[in-house]
Amino acid sequence: MNAPVEDMSIISLVLQASFVVQAVMAILLILSFLSWWYIFSKHFTISTAKKKTDQFEERFWSGSDINALYEQVRREHGVGMENIFQAGFAEFLKLRQKAGMELSDVMEGTRRAMRAACQRELDYLDKHTSFLASVGSVSPYIGLFGTVWGIMYAFKGLGNVGAATLATVAPHIAEALVATAIGLFAAIPAVVAYNRFAADADRLANRFDTFIEEFSNILQRQSVR
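Numbered according to the UniProt record's numbering, the sequence shown spans residues 1 to 225.
Nothing false has been slipped in among the hints.
With a straight-line cut-off of 27 Å between C-alpha atoms, the simulated BS3-like cross-links for lysine-lysine are:
hint	residue 1	residue 2
1	Lys127	Lys52
2	Lys127	Lys51
3	Lys127	Lys50
Don't read these hints as lab results, they were simulated from the structure.
Given the sequences, and given the hints that come with them, work out the whole structure.
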């Protein structure tokens, strides 16, 4: 661990750190890689859901025939609001064909079907976001553990040195602090991404809830004509 002061590059500090600190750095780098993978994946998923929701709302409120829209959505790979519409209208058609069904029962079944589809869509949008929250929460502490361990290891080695100078202390302290830096590098993007995705998912959830109520009212008005 007696690295020269002039050799203070990040790679050199990592290679000359103790085994425990290197293991901590490796864990943090793996967490960081997985975080970025999920960040890009969730960005694509939520962006697609928002785009599909905008397109569907435009088609739905354009005055097109609901039955034709239902057949069109059934042939497509639905996302978000499309799946909620499909589930609700399919249940509505099935319940309306049953003899003796009251309109209130038909509408209640339709709403339950749309609520269930909405929950499935939200679960899909929230998938892996808890991992980002966990990485953002624990990574700084994992890095701090590596730093504390590295400093302890450094002072243990310095105990065998007659006179501790800045030239002998600085490399060891720097090696330990790299673990904290990597922990923050893993945590900060994960926290920012989690907050962004959570806000986007909440906005979509509000749009889904509003659509369920509006579509239920439309079906109820058409049924009493």
